[in-house]
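Number of protein chains: 2
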Amino acid sequence: MTRKELVQQIKLKQSFLCVGLDIDTSKIPVHLLNSKEGHWDFLKEIIDVTLPYTVAYKPNTAFFECMGIEGWHLFNKVVQYLQNKSVLIIADAKRGDIGNTSQKYAETFFHTYSCDAITVAPYMGKDSVAPFLDYKGKWTIVLGLTSNTGSEDFQQQTLQNEKPLYTQVIETVASWGTEDNTMFVIGATKGIAFESIRKVVPHHFLLVPGVGAQGGDLATVAQYGLNEDCGLLVNASRSILYASSDNNFASAAAEEALTIQCQMAMLLKAKGITS
Amino acid sequence: MTRKELVQQIKLKQSFLCVGLDIDTSKIPVHLLNSKEGHWDFLKEIIDVTLPYTVAYKPNTAFFECMGIEGWHLFNKVVQYLQNKSVLIIADAKRGDIGNTSQKYAETFFHTYSCDAITVAPYMGKDSVAPFLDYKGKWTIVLGLTSNTGSEDFQQQTLQNEKPLYTQVIETVASWGTEDNTMFVIGATKGIAFESIRKVVPHHFLLVPGVGAQGGDLATVAQYGLNEDCGLLVNASRSILYASSDNNFASAAAEEALTIQCQMAMLLKAKGITS
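Protein chains in written order, with the numbering used here: chain A, 1 to 275; chain B, 1 to 275.
Keep in mind that the hints were calculated from the coordinates and are not lab data.
Being a predicted model, the structure only gives us computed values, none of them experimental.
Worth double-checking, as some hints may not be accurate.
[Claimed, not checked] Computed cross-link-like contacts, BS3-like style, restricted to lysine-lysine with a CA-CA straight-line distance of at most 30 Å:
no., chain 1, residue 1, chain 2, residue 2
1, B, Lys44, B, Lys11
2, B, Lys27, A, Lys136
3, B, Lys126, A, Lys199
4, B, Lys36, B, Lys11
5, B, Lys163, A, Lys163
6, A, Lys126, B, Lys27
7, B, Lys136, B, Lys44
8, A, Lys44, A, Lys85
9, B, Lys36, B, Lys85
10, B, Lys126, A, Lys126
11, B, Lys27, B, Lys77
12, B, Lys77, A, Lys36
13, B, Lys36, A, Lys36
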């Protein structure tokens, strides 16, 4: 999915919502666990009811991997189901290794599973990120400033050049790719930091987890983060998927997604981003 | 595998060799590709012939993942085969995410697949590493200073406190775990840096990739890196696995592993680490 196509979908749906598919056996409605296909039934239902309000889906590989081989069957089924639905398919995998190994990760998610995008950890530097960027028509989403408290430990440390590490990472990685193939993960819980980050990467898309269960505020994120093309994909996972743990999980999820989409539509309208 | 058991094996085999299982279809002998089980036959043979010289195996998840679901069957088969062989089984996965997601990765590699250890990326900080450390009897191997040129981009940047980022990472992460459950990845190509790293973590084990195909020098690593318990696991992957691309691949791999083990035996002897 190109940037142009993504922006088109954002305008069309008046939404920059990404639904995080963190499938968790301990949280899905109990009645689904009696069926062999219960996990799939749950995810298919979630996708079906949220699709009108959503421009991206982000299956989180950890939640699939921990089911063993069955989990990878499920991951594949989800990604296949999302093809041709005009949504950005993001493998939230946070991979990254030396060049020849990152090549294999890129092959895994871009070729073997046909995802549009993957999240990548920057610690190992340029040759660990470049193999992802080499794939034409795909997106590399690099960790910048994450939503968790642990972001203080290293990301927010100040370098000798007086920049926080995350600023250095964003600035440097931005020079390796383009606005058409690179995004950054910026946690919604870091609202005010969006202002300084937008000075470094005014035109890039930012993937923003942390709204909902993690406590980030959508209005603050939008205030400092929106750009001329929207430039934001705000993710919600648990607050949508597990809006209800009962038979009505799908309608509860749809309602939660719709609520977020309505807020987003207002924010986009205020910014003059309309279809 | 506990630290005591690992040190016992090192003394017994007079080796601190880790064999990296980077299975690569484009590099295994062509005759094996005719068989459905060719990848497994290759890896089983490599394990069988290198086992006398090796204290750890490190399947690199990227090389399995890129084969799709078949790759995970193969990964599982390899890990099962390595059980009860008195070797440390390291999932080289470089995972790391917010707490609830890292928990799932820890479950994947420690529980679903019964590995002894996993490599972890530190960028997201304490709550991304802690879920791995929480597993009793398992090892968390955190990226410190890696062997690739990209390590200059961020790891070697100097912080305001005048420490390089990698030193800060090693020092901080060391305070989260113990010498019995935490190791660090330090690239063999950074020979001289081992001297300063040993001042920060004198007693920890270090996992050292980069000898062989990547050009690191074993003698330099040992000179600065060995400690009273050996404290090193030096990894070789391609130089052993693909020592020959012909029918004699297994004997060539065994010869390469034996050559490294002989060097290691001399280095251990000089340090007074004997069985």
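Numbers of the earlier hints that this structure fails to satisfy, in rising order
Hint 4 is the one this structure does not satisfy, whereas the remaining hints hold.
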